[in-house]
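A.B. asks: Take the sequences, apply the hints, and build the full model.
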Amino acid sequence: MDLPLKLNAPVLAAGDGVVAFVGTVAGTPVISIDHPGGIRTTYQPVRSDLKAGDNITEGHIIGRLARATSHFAGEHDGLHWGALTGPDKYIDPLTLLEPPRIRLKPVDAPGRRRF
Numbered sequence: 000m001d002l003p004l005k006l007n008a009p010v011l012a013a014g015d016g017v018v019a020f021v022g023t024v025a026g027t028p029v030i031s032i033d034h035p036g037g038i039r040t041t042y043q044p045v046r047s048d049l050k051a052g053d054n055i056t057e058g059h060i061i062g063r064l065a066r067a068t069s070h071f072a073g074e075h076d077g078l079h080w081g082a083l084t085g086p087d088k089y090i091d092p093l094t095l096l097e098p099p100r101i102r103l104k105p106v107d108a109p110g111r112r113r114f
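Under numbering that gives the first Met the number 0, the sequence shown has 87 at position 88, and the numbering climbs by one with no breaks.
Calculated from the structure, these hints are not laboratory results.
Errors might be hidden in some of the hints.
Claimed, not checked - Only pairs whose alpha carbons sit at most 30 Å apart, straight line, appear in this in silico DSSO-like list of lysine-lysine: (1) K5 to K50; (2) K50 to K88; (3) K5 to K104.
Every value quoted in this text rests on a predicted model; they were computed, and no experiment measured them.
C.D. replies: Encoded structure:
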């Protein structure tokens, strides 16, 4: 999944976990985190000072968005966020997030604007 993000912006961990990999894959800086339940999230292009084995918590700054390289160059500016449940078993990372709570107001609710 590609998410808009500015160059050098902080990248936050999606959940608690242990850093599995920090390095370069096909010329692109990558960090991967293993989470409970056998889920691994990947973030690229991200430069990080963390090391494999570091424990992190949800919301922890895991790195900063780097300039896109290799096959990402020119395609988009932002973060590529992926999730796997095993080798080559990719899942939609949105399924890892809490669904938004939608609250509907009655048509005649006080303060409701009419268009």
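A.B. asks: Run through the hints listed earlier and report the numbers of any the structure violates, in increasing order.
C.D. replies: 3
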